[in-house]
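Asker: Each chain, written out:
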Amino acid sequence: MTSKIKSVGLVPLGNVPEIDLKVLAEHITGCFKLTTQILPPLEPPDDALDERRLQYDAGIIIEAMEAMQFGNQDKVIGVLNKDLFIPIFTHVFGEARQGGKCGLVSLFRLAKNPDGSTPPSAIIQERAAKVALHELGHLLDLLHCEHKQCLMHFAGGIDEVDKMSLDLCEYCSIFLQDKLH
Amino acid sequence: MDRKMSVMIVDDEAIVRESLFHWFKKYGHIVETAASGFEALEKLETYPFQLLFVDIKMPGMDGIELLEKVKTEYPDTLVIIITAYGSIESAVNAMRIGATDYLLKPFKPDQLSLVMERISVQKRLVTQYNYLKGHLEKITRFDNIIGQSPEMEKVFNLIPEVAQSDASILLAGETGTGKELVAKAIHAESPRSHLPFIAINCGAMPESLLESELFGHQKGVFTGATRARKGFLEVVSGGTLFLDEIGEISSKMQINLLRVLEEKKITSIGSREPVDVDFRLISATRRNLKKEVAEGSFREDFFYRINVIMIEIPPLRKRKEDIPLLVEHFLKKYCQETTKYVDHVTRDAMELLKRYDWPGNVRELENAIERAVVLSKSRTLRVEDLSFIRPPDLQFSKTLSLREMEKTYIQQILEENNWNVTQSAKILKINRVTLHKMMKRYHLERP
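Each protein sequence line maps, in turn, to chains A and B. So the first sequence is residues 1 to 181, counted in my numbering. So the second sequence is residues 1001 to 1447, counted in my numbering.
There may be inaccurate statements among the hints.
[What the hints assert, rightly or not] Simulated pairs of lysine-lysine, DSSO-like, Cα-Cα distance not exceeding 30 angstroms:
1) Lys-1108/B x Lys-163/A
2) Lys-1354/B x Lys-1043/B
3) Lys-1025/B x Lys-179/A
4) Lys-1043/B x Lys-163/A
5) Lys-148/A x Lys-1154/B
Source of the hints: derived by calculation from the structure; they are not laboratory data.
Hey, can you work out the whole structure from these sequences and the hints?
Answerer: Here you go:
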């Protein structure tokens, strides 16, 4: 069976370590069985920076990305090292609109533990992979899931991201297969 | 969350509406947005949103005003107030008015999911409560007989008491008061409940047909009797026979039935062989049979035989406090039958329903609600939807003096309000003491 979605692009927005991008690409390919390509870096749009909050508005970045052409990429995930927010929330780890084309992952808050300590880079990369796959799930029209272990469970804090697994629950897996084929 | 909800976000800031809209969409909820309190109320008119997220500061109608209106018109709708740091006091005030919770914006993502989780638990508990309440009502009340008024309480208390005996019961009440429902409830509560309940409307058929229906007939005794047929008095075998409009039967039929009740035997038309019968008789009438007995138009011996226990079912105009409950019941019933969603009645419309005297009683009210639900274009019944109900204008004879007119009017208001002086004084726009003085002056007393 051939997939409706052919390729996923990963685009660094600003300065993002290459190793982090490679780890994310491997996870997308490994978990969702989708070809993943790392695209040339871009800068986040200037108007995305909220000078009062000193954070980047995820909605503005996504809108700017959706207006761009990304070759033959069906879905694109932007990766950045900036603190992201949406107007009602203090922060978000990532953002994507249901069934949209572009999503975001921020590494900024993933690099800190709830107690303020810094985790090893492998933990940060695993957290980033979970957020990226979760947001890609939304782009593929998956909804938030009630199962606490499922990748599509809503994670409001770092500890919840850590509790979440890299796998989809049985139901979300079926929905994903349905969306992909 | 275990079930999807219908959510409306009410905020004058488009970015807030948009953020929340996308967040709720990710849960698969039905999401709608409104830029003002007025728009929100308009949308609530057409769709029963379960949950509203309302910004406290909005131009025109603010969040508190909207909350008050929503809680008055749609008390089941949950409201979460969104507020900025500067207006925590208003948020606390909102909780007092009936908001389910409040969130200070911007809020942490897990705060919103926590609030939604709490709502989900609350919703589940409410569903369980409603299920158990309904179950309990079925156990302690009688299906489809609705009422909380003292008059209906008396009837409810009598049903299980009289159900245990085999004494004949006469149900007296105007047309449409629910006599057959009471008869069915008595049967259901009685030791005969597993046996048939047969209802016959004596006023709806000619005497010869009624006789044949009750007593049965042999083959060939009259034209059309191509085969023998058992009568209902025999078919009911052990169950309950409900004879509605018993006041309509002829003197001859009264004698025939009297004999059956005394001998517990019937002889079908054309037969000479009596057959044993066993049934419990419940009769009903809308006429004043006692008066007819006194006038000689109804047999006294038969009257006392069918009237071992009398239950009077009050007309709806004497239990107007039951009208909101009945309206709610019929709205639910006809919403299910018509698949339309009408769950509210404006205060004015309810006042109109309560002011009308309902000569056709509960049946007329039920028909009115059915008609209004079918014709209604929104989820709220308004006075315009009930335009076919015309409360009778006060009719005064032109020969009445001013004093007589005053007395008649005061008496009418007192009767309509069950002789409640405080309530009547409020309608008459005079104080209670004045009303008491006028009642004394006109010798008006509760009968």
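Asker: Take the hints in turn and mark each one as holding or not.
Answerer: Evaluated hints:
no., hint, verdict
1, Lys-1108/B x Lys-163/A, "18 angstroms, holds"
2, Lys-1354/B x Lys-1043/B, "28 angstroms, holds"
3, Lys-1025/B x Lys-179/A, "17 angstroms, holds"
4, Lys-1043/B x Lys-163/A, "40 angstroms, violated"
5, Lys-148/A x Lys-1154/B, "54 angstroms, violated"
In this structure, the hints that do not hold are numbers 4 and 5, in rising order.
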